[in-house]
Amino acid sequence: MRALLLALAALAATPAQAQFNLRNLDINRVLDTAKNVGKAVTDISEPDEIAIGRDMAARLLGAAPLAADAELQRYVNQVGRWLASQTERPDLPWHFGVLEAPQLNAFAVPGGTIFVTRGLVQRMRSEAELAGVLAHEIAHVLRKHHLKAIQKGAQASLAGEALNQALRDQRSPARDKLAALGTEMYTRGLDRGDELEADRLGVVIAARAGYDSYGLPGVLQTLQAMNAEDSALALMFKTHPSPADRLGALAEKMQPTLDAYAAQPQLRERFAAETRAR
Amino acid sequence: MKLALLLLLLPLSVLAEPAQVIRATPLQKEPATDAARVAELAENTPVDAGERSGGWIRVRTQAGAEGWVKLLALRYGGPGAARRGDSGLAQAFSAARTGSSGTQVTTGVRGLEAEQIAAARPNLAELNRMQSYAASRDASAAFADKGRLRRQSVEYPK
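Sequence lines, in order, name chains A and B.
Just so we're aligned, residue 1 is where the first sequence starts under the numbering used here, counting upward by one.
Just so we're aligned, residue 1 is where the second sequence starts under the numbering used here, counting upward by one.
Any given hint could turn out to be false.
Claimed, not checked - Straight-line Cα separation of at most 27 Å, DSS-like style, residue types lysine-lysine; simulated pairs:
1. A:152 to A:238
2. A:144 to A:253
3. A:253 to B:29
4. A:253 to B:158
5. A:152 to A:177
6. A:148 to A:253
7. A:238 to A:144
8. A:148 to B:158
9. B:158 to A:144
10. A:253 to A:238
11. A:177 to A:238
12. A:144 to A:177
13. A:148 to A:177
14. A:152 to B:158
15. A:148 to A:238
Said to hold, decoys possible - Anything over 10 Å on all C-beta distances counts as not near chain A; from chain B, calculated:
16. 43
17. 64
18. 65
19. 126
As the list claims (entries may be wrong) - Under 10 Å between C-beta atoms, here's a sample of chain B residues computed to sit facing chain A:
20. 35
21. 46
22. 75
23. 76
24. 112
25. 121
26. 123
27. 135
28. 151
By construction, these hints were calculated from the structure, which means they are not laboratory data.
Please read all numbers here as calculations on a predicted model, not as lab measurements.
Just so you know, even glycine gets a beta-carbon here, dropped at the ideal spot from N, CA and C.
Isolated chain A, as found in the complex (with noise of 0.2 Å):
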């Protein structure tokens, strides 16, 4: 953007050697650059949204760290992983962990990790439900809902092209901060738009996989259930539509296909065997 203005400054500032100017400024790589301030978001390629997932995953974990039980994040990464070969970005690096935390949460890091609380987890009674929820938080990856915010919200602190350099060069000096202010949108939370098309993909993603398609509107009832005021619920209340709004969205778009795959198995009992306090 600055060399844009500065372009256009230059080209005011002396009329008479405009075409001088011109042939010298380049006028190609002034234009590219406007237009990259504009539509940055899809030129991101993939393995830069991994190297910046990456960086984000790392602060998630330093503000929580992971439950100390083998046995519970293996199982969380099988499940999560065969609902990820049921979409269109079967091979990104998918990582799946179960955090530390009392509090009922989930998040989706760019690039394929996918983290939900061990509150919320406790708070599950199926497979199925778990599956519901990691296959919502997978579609806000497949379509790149954090990064897109991250770009939105980078904008305005990081002129254009510190922000393309932060995004594609791990050791640009902006690079750090973009990634502060990527793991920031977690307390922030998204477009509700984005939010209601993740539970849309998730309900799809699950029936995808062979599950029960009622496991993501169970834990919705679960948490519609509990207090609001509950404390463990602030952050994600603060994130997300309230789970009425997003049942309701469910029940408006989505009742075809929830009843089509309603009676898939919801696997209570190998959940049991595997969630269980070791």
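The hints should help you fit chain B onto chain A, whose structure is shown.
Quick look at chain B alone, frame taken from chain A:
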């Protein structure tokens, strides 16, 4: 005493969970759209909810009518019953990480609120540990097979 014991031994499928219907909805004799209608339930009708069959939940009204309603027409907790108090979990954890002086103790489990996220420093050791638990595509397919999960072809909504 005997009666109390008997009640305790009843299966969980009894109609015991307070709930209410969030919109006018038919009460069906069976869990199917083409089943006979037992009654029409008005919005906010309180019911006791029980077992689930597909997208349906078995309920009983206060007038004693029994049948099935759509799962998504139901909200658990009933009117005013959502005030169930705090789980207390988050406070217990936040007390555990705060020393007597009120400063943060670095050992033990921390909570995951906005302030922890905003102030977090990267933890590369945990990142590496997480990556060590990854499942391969093939292993997860075998795991799905063990659970009799059958892959389906389902379109995304428009």
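Give me the numbers of the hints this structure contradicts, sorted from smallest to largest. Those not satisfied are hints 19, 20, 21.
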